[in-house]
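Residue numbers (full-length UniProt numbering), protein chains in the order written: chain A, 1 to 429; chain B, 1 to 319.
Hints may be right or wrong, so weigh each one.
With a cut-off of at most 20 Å between alpha-carbon atoms, the simulated EDC-like pairs for lysine to aspartate or glutamate come out as follows [what the hints assert, rightly or not]:
1) K380(A) - D58(A)
2) K118(A) - E167(A)
3) K65(A) - D383(A)
4) K204(A) - E183(B)
5) K204(A) - E85(B)
6) K318(A) - E305(A)
7) K106(B) - E189(B)
8) K318(A) - D80(A)
9) K358(A) - D378(A)
10) K149(A) - E68(B)
11) K83(A) - E189(B)
12) K159(A) - E68(B)
13) K254(A) - E202(A)
14) K106(B) - E425(A)
15) K264(A) - E280(B)
16) K254(A) - E183(B)
17) K248(A) - D225(B)
18) K231(A) - D244(A)
19) K229(A) - E305(A)
20) K160(A) - E68(B)
21) K264(A) - D93(B)
22) K255(A) - D93(B)
23) K240(A) - E425(A)
24) K254(A) - D93(B)
25) K290(A) - E55(A)
26) K83(A) - E280(B)
27) K139(A) - D179(A)
Sample of chain A residues with no beta-carbon within 12 Å of chain B, all distances over it, derived [what the hints assert, rightly or not]:
28) K118
29) I188
30) Y230
Just the calculated beta-carbon pair ranges, DEER-fashion [what the hints assert, rightly or not]:
31) N165(B) - P191(A): 53 to 59 Å
32) L167(B) - A429(A): 48 to 54 Å
33) D378(A) - N179(B): 56 to 62 Å
Keep in mind the hints are simulated off the structure, nothing from the lab. Note that the structure is predicted; figures quoted are calculated from it, not measured. Idealized CB from N, CA, C, for every residue including glycine.
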Amino acid sequence: MTETTRTKGVSRRTLLKGTAGLAGLAAGSGAITGFPYVKSADAKVLRYLGTAVNEGDDISKQCLKDTGIKIEYITATTDDVTKRVMTQPNSFDVLDTEYFSLKKLVPSGNILALDARKIKEFDNITPVFTKGQTPGGKKIGNQGTAPWKVLYLEGKDSKKFATSATEFVTLIPTVYNADTLGIRPDLIKRPISSWSELLNPEFKGKASILNIPSIGIMDAAMVVEATGKYKYADKGNMTKEEIDLTMKVMTEAKKAGQFRAFWKDFNESVNLMASGETVIQSMWSPAVTKVRSMGIACTFQPLKEGYRSWASGFCVSKGVSGAKLEWAYEFVNWFLSGYAGAYLNRQGYYSAVLSTAKAHMEPYEWAYWMEGKAAEKDIKAPDGSLLEKAGAVRDGGSYEDRMGGVACWNAVMDENDYMVRKWNEFIAA
Amino acid sequence: MDTSEDILQQASPGLIPGSGTARAAKPTRLSPSFISWLQAGPMMLVFLAFFLIPLVFVVIVSFWDYNEYQLLPAFSGRGYTDTFEGCIAQLPDLCTIGRTYVMTLKLCFMVWAITLFIGFWVAYFLAFHVKSKTWQMGLSLLCTIPFWTSNVIRMIAWIPLLGRNGLVNSGLVKTGLINHPLEWLLFSEFSVVLALVHLFTFFMVVPIFNSMVRIDKSLIEAAYDAGATGFQTLVNVIIPLAKPGIVIGSIFVITIVMGDFITIGVMGGQQIAAAGKIIETRVNALQFPAAAANAVILLAITFLIITMMSRIVDIKKEL
Numbered sequence: 001m002t003e004t005t006r007t008k009g010v011s012r013r014t015l016l017k018g019t020a021g022l023a024g025l026a027a028g029s030g031a032i033t034g035f036p037y038v039k040s041a042d043a044k045v046l047r048y049l050g051t052a053v054n055e056g057d058d059i060s061k062q063c064l065k066d067t068g069i070k071i072e073y074i075t076a077t078t079d080d081v082t083k084r085v086m087t088q089p090n091s092f093d094v095l096d097t098e099y100f101s102l103k104k105l106v107p108s109g110n111i112l113a114l115d116a117r118k119i120k121e122f123d124n125i126t127p128v129f130t131k132g133q134t135p136g137g138k139k140i141g142n143q144g145t146a147p148w149k150v151l152y153l154e155g156k157d158s159k160k161f162a163t164s165a166t167e168f169v170t171l172i173p174t175v176y177n178a179d180t181l182g183i184r185p186d187l188i189k190r191p192i193s194s195w196s197e198l199l200n201p202e203f204k205g206k207a208s209i210l211n212i213p214s215i216g217i218m219d220a221a222m223v224v225e226a227t228g229k230y231k232y233a234d235k236g237n238m239t240k241e242e243i244d245l246t247m248k249v250m251t252e253a254k255k256a257g258q259f260r261a262f263w264k265d266f267n268e269s270v271n272l273m274a275s276g277e278t279v280i281q282s283m284w285s286p287a288v289t290k291v292r293s294m295g296i297a298c299t300f301q302p303l304k305e306g307y308r309s310w311a312s313g314f315c316v317s318k319g320v321s322g323a324k325l326e327w328a329y330e331f332v333n334w335f336l337s338g339y340a341g342a343y344l345n346r347q348g349y350y351s352a353v354l355s356t357a358k359a360h361m362e363p364y365e366w367a368y369w370m371e372g373k374a375a376e377k378d379i380k381a382p383d384g385s386l387l388e389k390a391g392a393v394r395d396g397g398s399y400e401d402r403m404g405g406v407a408c409w410n411a412v413m414d415e416n417d418y419m420v421r422k423w424n425e426f427i428a429a
Numbered sequence: 001m002d003t004s005e006d007i008l009q010q011a012s013p014g015l016i017p018g019s020g021t022a023r024a025a026k027p028t029r030l031s032p033s034f035i036s037w038l039q040a041g042p043m044m045l046v047f048l049a050f051f052l053i054p055l056v057f058v059v060i061v062s063f064w065d066y067n068e069y070q071l072l073p074a075f076s077g078r079g080y081t082d083t084f085e086g087c088i089a090q091l092p093d094l095c096t097i098g099r100t101y102v103m104t105l106k107l108c109f110m111v112w113a114i115t116l117f118i119g120f121w122v123a124y125f126l127a128f129h130v131k132s133k134t135w136q137m138g139l140s141l142l143c144t145i146p147f148w149t150s151n152v153i154r155m156i157a158w159i160p161l162l163g164r165n166g167l168v169n170s171g172l173v174k175t176g177l178i179n180h181p182l183e184w185l186l187f188s189e190f191s192v193v194l195a196l197v198h199l200f201t202f203f204m205v206v207p208i209f210n211s212m213v214r215i216d217k218s219l220i221e222a223a224y225d226a227g228a229t230g231f232q233t234l235v236n237v238i239i240p241l242a243k244p245g246i247v248i249g250s251i252f253v254i255t256i257v258m259g260d261f262i263t264i265g266v267m268g269g270q271q272i273a274a275a276g277k278i279i280e281t282r283v284n285a286l287q288f289p290a291a292a293a294n295a296v297i298l299l300a301i302t303f304l305i306i307t308m309m310s311r312i313v314d315i316k317k318e319l
């Protein structure tokens, strides 16, 4: 008798455990949607998926203070962000991603365009995004996936980009920058002024580019054009022949031992540069700052052919509606209202609404970061650490000069599939 | 299925509970074959749920079509044809996939040979030269110390050591042995093999040691009494009896190295092709069917190597 009871107990417990496990699995996989909403009905919580660029504790704390919205960061690499949107669109509310991903994201139907009329500062967004020119009127290069090409949709649920302004905005712009090569001036000891220097045999075994095919090939194209070998109709949308040509130039350089290594993430690029393994390489602005903060000379070198630019912004998951959608608008409006913009400007990026960011920055900071003037006082990072001593001038000068010098934008090509295969060939060569 | 359990059983005896002893100790009316199924059941279910079913999905997806942003569930060999693109046209030169596999196999072979050599002697020392069980245990634990930190950290730790301005190079330059830093120390096949050997020798030591401690010491004494030299004893007694451990260790090392792309990426400066790297690039470009096709190819090749190895040594018979 006792024996039976015990057995029964065990089986019931096992059954319960099994059920709980299943429920856990289901919740984890996102099958039970709405599950977290019940709990968070009062606390305003937004799950924010993005790369680490915009994500800062300071930003989320300030946002909670100002709006009562709690931001839960889900950090991933650009590739993983895209993968997640495709495969788990219910696992986030607000999406922070780059414009070039839109060519993949919009046709997938997993993201929701935002209504420009509900964005307070929309009309104050820098003309870089809306018109493709700087506030001073300089025309910006439109090769690649330039933001203004993919900024609007034809309708609310449209999967087609509109050619003129509509109220349906794919991504509300937040942050962008102009990228160029990073160099070690102390080891090169002469001025560098062209992208072609990346393949200069003088730097044999001391050069590097990034091993992210869609960005790496753009840098390669800048180099090919700089050497005068070929002029692309659109570096961001090459034909198969152009991809072959570009990869041939790069493969020859690789076989000749030009590259010390390729890098895949921020820290790798910092280590290569800081340890002196490389003296010239593709680099991101904050990585250059990081090397410099280690006490090692490193320049984010402006080059005569111009910059390769990128930009990112906000949209929401297609599953977001009702109160949650209102919070998303509230959050985006808060983000453009100045605090976050000033925070990003102080990191060397640029904010989408310049006027509000300016109001949140000291005049000397604005002069240093945005106007290309020598720093009147020491320039500090948002965390308070010293970035530059008084008297320093920002690499590449003012906002006008830098954004006005953009030659092309990060892109997803029509021949992306072919390009990825060719890139693999380049790595295997 | 059987083989994998045997491997586990051999690698760590007692991991699969109750085989043999429990059955004899507690007689029961249930038929022995039912109990065997019951015992093997949980492992079988785990194996089914987390290995076989996903594997079937991978094979199915590898025959799907795809575009920039989605999988198209229609039969297509595109994942495979793209992978072997230009392979015939390029003959006698190797195409990308060919070059990638030659490189992967080359690295795999080097790592296998070196880990086997080192692993064998470490196991030999532990099994035959260390007399006390306590010391054997203590020294085996010592072997695991590197595993107390993460894989990535152990790998990255080599970089400041081997770099152009690293410890080794600056040491050599200072002693006057070389004038210029050695470039091939880092971001080369050398550094990849070094890191892989460092990471995986332990996987050789454990199974070989396991086989060796089971060797009846009287056999060695008998060989000695019969006038065999140390070398003859090694070749004719110890190596044949340690064979299952050698094969299992080899399977561990080969399967891991064939699929590795992180170590090869980091230590090779992202410049060395690896089969796993192609899969990663494809996945990152959202080309899942092509990634799946490459995974199937990698699996087939690894499976082929392991089949060949188990032809040489019948593990089941040896155990």
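Hint check:
At most 20 Å may separate the alpha-carbon atoms for a hinted pair to count; K380(A) and D58(A) meet this at roughly 15 Å. For the suggested pair K118(A) and E167(A), the alpha carbons sit about 9 Å apart, so the restraint of at most 20 Å is met. Of the supplied pair hints, the one linking K65(A) and D383(A) holds, its CA atoms being roughly 18 Å apart against a limit of 20 Å. Straight-line distance between C-alpha atoms of K204(A) and E183(B) comes to about 11 Å, which keeps the hinted pair within the 20 Å bound.
Restraint check: the Cα-Cα separation between K204(A) and E85(B) comes to about 31 Å, which exceeds 20 Å; the hinted pair is violated. Annotation: proposed proximity of K318(A) to E305(A) is violated, straight-line Cα distance about 40 Å (limit 20 Å). Distance hint between K106(B) and E189(B) is fulfilled; the C-alpha atoms sit about 10 Å from each other, no more than 20 Å. Annotation: proposed proximity of K318(A) to D80(A) holds, straight-line Cα distance about 18 Å (limit 20 Å).
Between K358(A) and D378(A) the CA atoms are separated by roughly 18 Å; this keeps the pair inside 20 Å, and the hint holds. Under the criterion of a C-alpha separation no larger than 20 Å, the hint pairing K149(A) with E68(B) is consistent with the structure, at around 18 Å. Restraint check for K83(A) and E189(B): the C-alpha separation of about 32 Å exceeds 20 Å, so the hint is violated. Pair hint K159(A) plus E68(B) holds up; C-alpha atoms about 14 Å apart against a cutoff of 20 Å.
Taken as a hint, the K254(A) and E202(A) pair is honoured in the structure, with Cα atoms around 14 Å apart against an allowance of 20 Å. Of the pairs offered as hints, the one joining K106(B) and E425(A) holds, with about 18 Å between alpha carbons and a cut-off of 20 Å not exceeded. About 12 Å separates the Cα atoms of K264(A) and E280(B), which keeps this hinted pair within 20 Å; it holds. At roughly 15 Å between alpha-carbon atoms, K254(A) and E183(B) fall within 20 Å of each other, so this suggested pair holds.
Between K248(A) and D225(B) the alpha-carbon distance is near 68 Å, which puts this suggested pair outside the 20 Å criterion. In summary, the hint linking K231(A) to D244(A) is supported, as the alpha carbons are separated by about 14 Å, within the 20 Å threshold. About 14 Å separates the Cα atoms of K229(A) and E305(A), which keeps this hinted pair within 20 Å; it holds. Proximity of K160(A) to E68(B) is assessed by CA-CA distance (about 15 Å); at most 20 Å being required, the pair is judged to hold.
For the hint linking K264(A) to D93(B), the alpha-carbon distance of about 29 Å lies beyond 20 Å, and the restraint is violated. Taken as a hint, the K255(A) and D93(B) pair is honoured in the structure, with Cα atoms around 16 Å apart against an allowance of 20 Å. Of the pairs offered as hints, the one joining K240(A) and E425(A) holds, with about 14 Å between alpha carbons and a cut-off of 20 Å not exceeded. Simply put, K254(A) and D93(B) have alpha-carbon atoms about 18 Å apart, close enough for the 20 Å limit, and the pair holds.
Only pairs whose Cα atoms come within 20 Å are accepted, and K290(A) paired with E55(A) is accepted, the gap being roughly 17 Å. The suggested pairing of K83(A) with E280(B) holds, with an alpha-carbon distance near 12 Å, which does not exceed 20 Å. With a CA separation close to 17 Å, the supplied pair K139(A) and D179(A) stays within the 20 Å bound. Chain B leaves K118(A) outside its interface by the beta-carbon criterion, the shortest separation being 27 Å against a cut-off of 12 Å.
The non-interface label for I188(A) is consistent with chain B: the shortest C-beta to C-beta separation is roughly 15 Å, beyond 12 Å. Remark: the non-interface label on Y230(A) is consistent with the geometry, its nearest Cβ contact in chain B lying 22 Å away (cut-off 12 Å). In this structure the supplied range 53 to 59 Å is violated for N165(B) paired with P191(A), their Cβ-Cβ distance being about 24 Å. A C-beta distance of roughly 31 Å is found between L167(B) and A429(A), which places it outside the suggested range of 48 to 54 Å.
At roughly 43 Å, the beta carbons of D378(A) and N179(B) sit outside the given window of 56 to 62 Å.
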